[in-house]
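Chemist: Sequence:
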Amino acid sequence: MALNNSYDARLVQQETAVGAGVQVLLLALIGPAIGMGPAGWLTGLAFAVATWAVLSRALHRSRLRSFGAANRVTLGRAVLVGGVTALVADSFQDSPPVSLLVGLTAVALILDGVDGKVARRTGTSTPLGARFDMEVDAFLILVLSVYVSMAMGPWVLLIGTMRYVFVAAARLWPWLTAPLPPSTARKTVAALQGVLLLLAGADLLPHVVNVGVVALALGLLVWSFGRDVRWLWRTSRVRAAAAATAEVRELVAG
423 MALNNSYDAR
433 LVQQETAVGA
443 GVQVLLLALI
453 GPAIGMGPAG
463 WLTGLAFAVA
473 TWAVLSRALH
483 RSRLRSFGAA
493 NRVTLGRAVL
503 VGGVTALVAD
513 SFQDSPPVSL
523 LVGLTAVALI
533 LDGVDGKVAR
543 RTGTSTPLGA
553 RFDMEVDAFL
563 ILVLSVYVSM
573 AMGPWVLLIG
583 TMRYVFVAAA
593 RLWPWLTAPL
603 PPSTARKTVA
613 ALQGVLLLLA
623 GADLLPHVVN
633 VGVVALALGL
643 LVWSFGRDVR
653 WLWRTSRVRA
663 AAAATAEVRE
673 LVAG
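Just so you know, the sequence shown maps onto residues 423 to 676 in this note's numbering.
For the record, the hints were derived by calculation from the structure and aren't laboratory data. Because the structure is a prediction, the values reported are computed rather than measured. Heads up, none of these hints are tricks.
What follows is a set of in silico ranges between Cβ atoms, one per label pair, in the way DEER data are often shown:
(1) Leu451 - Leu533: 12 to 22 Å
(2) Gln435 - Val529: 23 to 33 Å
(3) Arg487 - Trp653: 31 to 41 Å
(4) Val529 - Gln436: 21 to 31 Å
(5) Gln436 - Thr548: 17 to 27 Å
(6) Thr667 - Gly535: 42 to 52 Å
(7) Val651 - Gln435: 35 to 45 Å
(8) Trp595 - Lys539: 29 to 39 Å
(9) Val651 - Val471: 28 to 38 Å
(10) Trp595 - Arg553: 13 to 23 Å
(11) Arg659 - Ile456: 45 to 55 Å
(12) Ser488 - Leu533: 16 to 26 Å
Even glycine gets a Cβ: it sits at the ideal position worked out from N, Cα and C.
Could you put the whole structure together from the sequences, leaning on the hints where they help?
Modeler: So this is what it looks like as structure tokens:
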């Protein structure tokens with residue numbers, strides 16, 4: 423049994439290495455075709471290495487015996503996000519084809535609705551898979567916000583950084599780490615971020631309309647985070663009050 427577990431672990435780790443290899447292959451295909459500069463190449467390769475390292479460590483700690491079809495879909499999305507990241511980094515020095523950036527992003531967004539369905543249908547939903555999916559989504563939004571901010575200003579970065587600010591704030595206020603109830607509104611707002619940023623980044627609409635689209639995305643995100651923070655704060659107050667009441671009862675009973 424120990425040999426089987428070790429063999430399965432190696433297979434799982436090999437899949438992350440394959441993902442990094444596919445990332446490098448994607449860069450090798452699009453890099454020469456568009457004349458990608460050093461910033462794009464280095465950023466894309468750094469993304470591939472970082473994804474492989476972080477995911478390998480997470481898989482080792484979770485001890486999954488099978489990577490699973492849903493995680494393969496998410497890994498494919500991560501490869502596409504790596505390509506988008508390289509293009510955005512390259513855009514600081516040159517102007518990569520907008521159609522290529524839009525195409526890679528659109529496929530990544532479409533696949534966002536696939537990995538979850540695959541996990542549920544195959545009964546392979548795991549906390550690691552959910553976290554992997556969420557991190558890929560968050561990083562794509564961050565990269566898109568960087569790209570759009572070059573035309574609209576740094577305020578757009580609020581969209582991409584809000585989730586990371588929330589995570590950092592949770593280290594100071596642990597009550598923010600409490601689990602949230604399922605919410606269709608939250609999922610819808612999260613999904614709209616990528617779509618609206620992609621629409622603005624495609625530059626198909628007048629500039630003033632694009633600004634309105636991004637402002638709408640930011641407004642929805644502020645509302646969603648604000649609602650969740652309010653719920654978490656109220657819940658923490660209720661729990662604190664209940665704990666204080668229980669402590670008083672114990673003292674009285676004692």
